[in-house]
Amino acid sequence: MGKLFAVIRREYLERVRNKWFVIVTVFGPVFFAVVMILPAYLSVRGLRDAKVVDLRVVDATGTGLGARVAQRIADPRRGGNPPSGPDAETTTPRQLVRVDTVSAASLAAAESTLVLEVMANRLSGYLILDSATLGNGQARYAGRNASSVGQNEQLETAVRSAVMGMRLENAGVVAANADSITRLRVNVAAVRITDSGKSGSGVGGIIFGGVIAFMLYIAIILYGQAILRGVLEEKTTRVAEVILASVKPDILLAGKVIGVGAVGLTQFGIWIASALFFWGERTRLIGAIVGPSAATAPTGFDFPSIEPFTIVALVLFFIFGYTLYASLFAAVGAMVGTQEEANQAVQPVMMILVFSVIFVQPVMTNPTGRLAEVLSLIPFSAPIIMPLRMTATPVPALIVMASLGGVLVTALGAIWLSARIYRVGLLMYGKRPTLRELWRWVRQS
Amino acid sequence: MTELAIDIRGISKRYADHVAVRDLNLAVPRGAVYGLLGPNGAGKTTTIRMILNIIGPDTGSIHLLGRPNTDRAILDRLGYLPEERGLYKKMAVRDVLRFLAELKGLDRRTADLRIEEWLERLSLRSAEKDWGKAKVEELSRGMQQKVQFIGTLLHDPDLVILDEPFSGLDPINAQALKDTVVELKRRGRTVIFSTHLMDNAERLCDSVCIIARGEKVLDGTVASVKAENAGRTVALALDGSATPEVMAVLQDRTLVERVDDQNRFFEVELVAGADSQTLLRRVLETGACIQRFERVQPSLHQIFLQRVGATGVEEGMSGHG
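Which chain is which? The protein sequence lines are A and B, in order.
Take the first sequence: its letters are residues 1 to 445, numbered as in the working numbering.
Take the second sequence: its letters are residues 1001 to 1321, numbered as in the working numbering.
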């Protein structure tokens, strides 16, 4: 046991001390930070930019609609009526949106002046409200940023709610009530129901599952390749022979797989912890970057709630799946003599892995389908597909355990097979073995 | 406690296309310096790997220091220097040595103490430069060999196995190696090494075993091997060139097996059972003037050539003996 520990410690420390490990581990969180905060940051900035936009409202309705619209554009949350109360002064919409009230006859002349203004970059655009706006909600916007979906939506909302408010008031609804009615915002939250009745965001679950599956895939590739290179190094530098005179090849193999696995858990532990940290602190961080006013801006999705059983299963899928592929990678490393040969010989293993990843997309779109069911039970694809499936949709515990069991049994088989190839291959130099020779190695040892 | 450090009985190892070792018996006494001699491809490395249980023999048994070599505990008392040297290139020298020591069951504290001793002893650590901190790949080849050698001996093994230890060594390191082997013997350790350099073997070894084509050709103490193979070689030096009469005697196949004719000097190998006195009398009878007539002890090199011959080296089997 002391020797196994010595091998594990060497594998672990040598890799963790490596400067590339430090770089990748540090840049991982930076990457997560960018991925999580940047979209939120951009959307917040986008909102603010849209507000600041220097646009002109041209009101040719003669009903004061322009003022209402302007107010709603400037501050979509506040009432559409002239502000009142003690804070009236401070909450008055910033004078960003000027309203030009014109008669229907002089509209064309006013518009041509505004076009010149826009062309001279003194204005980014103008919104025209006329009788058609009151009649059937037709308004017209012209400007430099005419194709901006965000702004267009904002304008539509402002015009719709202003027109609606006017109509309600005309129909006898008290102004204040009319205002609150038009400001009603609807948001359909998709909530997932699980066996235990706990809920979480449905879309969040699928995205989270996708992230998990992708991370498992990356981890297996990254650390599997690390093992392959490690075995190859021991073989080409002939250290293997010195080591094998002290410990059994099985111990060396086990130490390698465990040591590198521990490196993986460390790295992903750091990543997950920092991702959670950034996620939890995102509001404050964004606030610090773009100013407190934006701090409550909406960002992406909520993390789904995850049951302890799922977490345990996810960790086990990682450990078993990693072990399964790591021992295959180790066997490949022991089979070949150079990195070039390794690149070729590793193809079959990579193909099995990529095969699973190809189906991540279809399973994400339909996590309850037959494809997801089958792939999450095949031991080679289960470590990637089942975590995706079970975070996206509830899967009976029995099926999860059956899938885990399948992966475990296959992993043990892979260890058995690889240990035998490893034992013989480590001391074989020269040409790559054929399949028949490989089989002899397996039987021989 | 058995007297044998290594007791090999009837081991064979067959690979797909050839037999590497065939029915080999070997007895290495404790405290001996033992040479395993043979041409390339003779089965030396295979034998050594079987001793170390890196590969298992198809048949036969191997006992080390009185215990079967499948007993993992026995491996901790062995030190092994493989023919192909290798260390983790990216690791610091101290870390590599500590790792190798730990694999032999040495605790870290003892290992660290001994590492410092050895680094100083082999001048890898001095006031101005401490190579222990350097990565292995930053060391010169000679220094790497020193490090590997330290790794072999760090746990103070009872049985030291060196595979072609002299290959690739510069004269200074070769001398250091010889000194160490002698010192190990003084301290009662057993050393077995393989080589195809007979001079080193002749000077260092108490006993030798010559193997060729996977089979033992001869073994025993160097003295007995020489004695058994002596008596049949005669050094003959004449005053002046050989006369036809002398040549006739030397070419008598009932008396002389082989003669190395160097004009005035002859190395004569008698046929088995022939008497050197008969040869002396016959040469004298020709009237030749004899400057020197001596029954010589053949060198290991000669014995090797004589017993293994050029045929002992099979083409295409070079590499791992």
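Derived by calculation from the structure, the hints in this document are not laboratory data.
Careful: at least some of the hints might be erroneous.
[To be verified] Examples of chain B residues toward chain A, derived with CB under 10 Å:
#1 R1072
#2 G1079
#3 P1082
#4 E1084
#5 F1099
#6 D1107
#7 M1143
Note that beta-carbon positions come from the ideal geometry of N, C-alpha and C, so glycine has one too.
Do the hints match the structure? See the list:
1. At a threshold of 10 Å, the smallest CB-CB gap from B:R1072 to chain A is about 7 Å, leaving the interface hint in force.
2. Using the Cβ-Cβ criterion of 10 Å, the hint placing B:G1079 at the interface with chain A is satisfied: the shortest such distance is roughly 9 Å.
3. Interface restraint check for B:P1082: the shortest CB-CB distance to chain A comes to about 4 Å, inside 10 Å, so the restraint holds.
4. Restraint check, B:E1084 versus chain A: the minimum CB separation of about 4 Å is within 10 Å; hint holds.
5. Taking 10 Å as the C-beta contact cut-off toward chain A, the hint placing B:F1099 at the interface holds, the least distance being around 5 Å.
6. With 10 Å as the threshold, the beta carbon of B:D1107 comes within range of chain A, its nearest partner Cβ sitting at about 9 Å, so the hint holds.
7. Interface hint status for B:M1143: violated, as the beta-carbon distance to the closest one in chain A is roughly 16 Å, over 10 Å.
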